[in-house]
Amino acid sequence: VVAAGAANGRRRWGVLLVLAALVAIGVGSRGWTSRRPPIHLNPNMDRQPKYLAQASSPFFYNGSTTQPQVAATLARGELVEDESVGTGRSAWSGYVTSIPAAVATNSTARGEERFDIFCTPCHGATGDGQGILTTRGKIRTADVVHDERIRQLPAGRLFEIIGDGVGLMPGYARVIPVADRWAIVAWVKQMQQIAADS
Amino acid sequence: MQAAVLDLYDPDRSRRPLRRTTPEGPLGDASWEEFIEFWQQRREAFDAADGAGLAVLSAGHASPTASRLERSFRHRFPRAEWVYWEPLGEDHLFAGVRLASGLDLRPRFDLAAATVIVSLESDFLLTESDAIHQARGFARSRVVRGRRDGMSRLYVAESDLSLTGAAADHRLALRGRQIGRFAALLAWHLEQQGVPIGIDAADERPPSAPALEHRAELVARDLLAAGEAGLVIAGRSQPPEVHALTLAINRALGAVGRTVTLRSVDDLGYSGIAELRGLVRRLQAGEVETLITLGGQPAYSAPADFDLPAAIGRAGEVIHCGTHVDETATQADWHLPLSHFLESWGDARAGDGSPAIVQPLIAPLFESRSAIELTALLVRGRERSGHTLVTRTWLDDLLGGSGFERRWERALHDGVLGDAASQAAELEIDAAAVAVAWRSLVERTAAARPGLEAVFRPSAAVYDGRFANNGWLQELPDPVTRMVWGNAALIGPSTAARLGVVSGQTVELALAGGRVEAPIQVLPGVADDCVVLPVGYGRRAAGRVGDGIGFDAYRLRSSDALYHEVGLRLMVTGKRSQPVLTQTHWSMEGRDLVREASLEEYRRDPGFATAEEADEEASSLWPQPAADSGPQWGMTIDLNACIGCNACVVACQSENNIPVVGREQVSRGREMHWLRVDRYFSGAADEPAVVFQPIPCMHCENAPCEEVCPVGATVHDRQGLNAMVYNRCIGTRYCSNNCPYKVRRFNFFNYTRETPELVKMAMNPDVTVRSRGVMEKCSFCVQRIREQELAAKMAGAELEDGAVRPACQQTCPAAAIEFGDISAATSRVSAAKESERNYTLLSELHLRPRTSYLAGLRHPHRDWRAAAEADRAAAPRRPHGAGS
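Protein sequences appear in the order of chains A and B. For the first sequence, the numbering used here assigns the number 7 to the initial residue and increments by one for each residue that follows. For the second sequence, the numbering used here assigns the number 24 to the initial residue and increments by one for each residue that follows.
It is possible that part of the hints are untrue.
Each pair of labels, with its calculated beta carbon distance range [as the list claims (entries may be wrong)]:
1. Asp437/B x Leu58/A: 27 to 33 Å
2. Leu174/A x Phe427/B: 17 to 23 Å
3. His608/B x Asn68/A: 48 to 54 Å
I should point out that these hints are in silico values taken from the structure, not numbers from a laboratory. Built from N, CA and C at the ideal position, the CB exists for glycine as well.
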């Protein structure tokens with residue numbers, strides 16, 4: 007009986023030891039990263055052999071399924087024939103001072119929305135240059151509403167800056183379509199006007 | 024064309040330059056820098072020798088930039104040779120036009136304006152050049168909206184059964200020489216009826232055996248009645264004399280300038296068989312020091328009597344530029360990878376001569392160069408980018424003058440310089456030359472040549488073999504035979520009976536010193552004593568998909584008879600090799616699946632298609648869509664327009680990530696195509712009428728598949744789509760069993776499990792890639808519907824009619840498919856469904872399918888039957904096998 011009890015006790019200890027080891031492995035592995043996918047009992051077409059946007063690719067040099075548009079190509083619908091609309095300049099008089107009629111609208115709602123999406127991280131929601139990048143990252147960004155130098159810029163130059171960038175600011179031509187860039191210009195001009203009036 | 028994307032992402036494409044360092048050794052890795060250094064040395068030597076000993080063997084092209092670079096190559100190396108080789112070239116066409124007019128012109132056909140079309144073995148709907156334009160024009164010439172509309176009439180004389188022959192109102196199955204004789208007879212009858220063709224044979228008629236006399240006279244009469252809306256087209260297989268005669272007939276009818284225009288051949292990279300013969304002689308004589316092959320598969324596709332591989336072996340060194348390490352590369356000292364056209368800059372001339380720019384859609388995947396970049400490298404010894412080369416051509420030759428940048432951008436955006444089509448040329452017919460051509464045709468076709476005739480024709484899927492490594496195309500059924508993964512020697516039923524062969528037997532074919540083993544497939548409609556041999560198969564180094572599929576008919580082809588050759592010997596081997604067909608049933612068994620009438624019958628009874636149907640308005644147990652549930656999607660397929668070309672099938676496969684299952688699976692009936700084209704024969708076995716019927720999912724309103732699914736994996740949505748929820752499907756296959764149209768497909772295996780990284784890129788991201796055990800079927804391209812709905816919502820507009828275009832509709836060259844909202848009275852699909860010819864398949868089942876068909880129409884000549892009878896009565900009885 008004693009021998010049996012001792013055997014029982016040893017077995018209980020053994021079980022406890024295994025459990026403790028499992029817990030240690032389980033807890034200890036937390037936070038470890040692995041490039042391999044987790045075990046997937048029912049695949050259910052969750053991962054499919056196709057390329058989705060913004061996914062990783064072992065094939066391309068940039069490691070992404072998203073590839074840049076080939077230089078100098080032009081897609082359908084991308085052609086802007088009016089030079090002042092496409093570049094912000096006209097051939098004989100430099101930068102255009104007002105938004106070209108072809109893209110001008112009565113509403114600035116679209117421009118406000120685009121500004122909120124693309125510009126606020128640096129320039130702030132009111133355009134005063136106090137975006138999150140400035141306040142936390144201590145990166146100097148322009149106050150597009152009050153800065154007199156910027157207020158004096160013609161609309162065409164603002165359009166060009168949004169597209170090509172200036173200083174630390176990158177160009178957004180590939181991200182924001184032409185009409186939306188003009189909409190942002192219109193919104194900035196309106197904010198400047200309101201600031202000047204008040 | 025729809026399958027090109029799979030060629031771009033072909034994992035077997037060569038990825039870097041290769042070089043053979045020891046004569047017998049393998050090709051080893053090399054780099055472009057090494058090649059450029061190598062070439063710079065060679066180039067200096069050739070510069071000193073004016074290019075003597077240098078030869079280029081290029082695939083054909085129609086590119087302004089490639090032509091400009093070829094000129095500068097010739098300028099730099101005046102004694103070098105530059106030869107083109109296209110296995111399915113148009114030597115005879117150009118020779119014929121030159122014979123008749125003395126000019127180098129190419130005819131372009133406007134079939135939409137034609138009322139009577141005569142094809143002399145021209146498969147102008149599928150395999151001849153400019154086929155898409157011609158198919159669209161042909162469909163337009165046959166649009167019938169009401170009983171007052173007319174439609175064109177098509178006569179076809181041919182040896183094999185092509186798509187054009189299948190579309191014909193009257194078809195003559197003739198041996199190669201008889202087609203020439205038919206052309207001569209036609210010209211003679213036209214001349215007799217007062218059409219001034221210029222043949223001086225007033226009282227001397229060409230001998231006519233077998234009897235075609237009455238039918239030729241009838242066709243001549245019909246052409247004459249059509250006048251300038253008449254049109255005769257000769258195929259590339261016909262001798263130059265037939266082309267010359269054709270041009271003279273069209274001219275005399277007044278069709279030139281109306282249904283056919285002749286345009287100058289600008290920037291065409293092309294040379295005939297004579298130039299290739301010259302190059303082969305020089306190669307054999309050891310006069311070629313450096314041979315450069317630029318694209319194509321010359322060692323595979325050259326005529327067998329040239330024995331090009333042996334000739335290439337005698338060249339000092341061989342530089343092979345190609346997309347794959349193919350048959351030609353096995354002999355090369357250098358292999359340079361060529362870019363696919365979707366990843367390189369280029370330009371081209373359209374069928375009407377308009378120059379077009381080809382933009383890359385993606386940067387080159389591998390270290391490859393395009394053909395124009397390579398040519399520039401050969402000439403200059405340095406690399407230029409394709410973009411620089413193309414803009415240079417356009418600046419110098421096409422958009423010269425001021426404001427180049429803006430005009431370039433416009434052309435780049437539009438893709439084509441629309442206002443720069445080449446001018447229709449003035450034409451002077453040399454009547455004396457035509458008369459000589461006619462006489463020589465009469466004489467040459469008078470002598471009887473007994474024996475079996477081999478008829479070489481392009482494959483409808485892999486063309487001349489260039490697409491052999493494309494799984495989509497290998498699994499695309501031949502439109503007429505419905506054969507996949509291979510080719511077979513096609514033979515008519517009566518000839519097969521006479522020779523004692525049946526489908527599935529393997530025979531040995533011997534011709535012109537070549538021998539191949541091929542399976543037999545009996546096909547109604549092939550001319551007597553003819554064996555049709557589709558080329559493009561039997562590749563030896565195409566890649567892992569295309570190697571060893573089918574037999575190589577090029578091994579029997581000799582340079583002096585590229586399309587028809589008498590003297591084929593056929594020996595039964597005792598082996599069997601069953602070709603794999605996706606449709607083995609050839610008759611409709613008296614059912615009215617494809618409904619068809621003659622134009623006359625239609626005019627008498629416009630509602631013929633639904634005449635025998637019971638009134639449909641039976642009540643239904645199932646809920647009907649509510650009136651306010653949005654657009655109700657539906658489709659019509661016009662069987663009068665459909666030519667059965669299968670373009671929709673490939674488009675569907677490409678759009679919907681349909682897997683390729685392979686020969687063995689198809690032989691078990693497990694092909695996965697969501698859209699299939701059924702083909703049926705009717706009439707006599709030797710003179711069959713052929714009809715086609717594309718069958719997608721019908722999206723029945725009372726869908727029988729939905730009622731039997733135990734897990735609700737296939738359900739109806741509010742817009743009338745019969746949707747498939749892949750994740751719910753447990754693979755019972757009850758739905759497929761209950762589908763009367765048999766359009767549901769089941770993934771018996773995990774066909775997509777080992778998809779190569781490159782092929783993943785070819786998959787449509789908007790469509791699920793299905794796994795094993797899942798049922799699938801046509802979804803009406805639901806991803807496109809959703810995309811357009813979202814676009815309309817973002818733009819704050821209503822979804823426009825015609826905004827949603829399924830892949831099949833978008834691709835159809837004949838515009839046979841309409842798709843849209845059937846609840847909107849003004850939509851085009853509603854208008855099509857209003858047609859009297861509209862009918863639904865198996866309507867007695869009361870499934871209310873959303874896809875319906877417009878019955879087909881034919882336009883037979885009312886005197887044809889009598890003429891055929893008269894010919895038959897006049898025909899001398901001849902012993903079998905005598906041929907003619």
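Taking the hints in turn, this is what the structure says about them:
1. Asp437/B x Leu58/A: 27 to 33 Å: 31 Å, holds
2. Leu174/A x Phe427/B: 17 to 23 Å: Given about 36 Å between the Cβ atoms, the range is violated.
3. His608/B x Asn68/A: 48 to 54 Å: 52 Å, holds
In summary, the structure is inconsistent with hint 2 from the numbered list given earlier, while agreeing with all the others.
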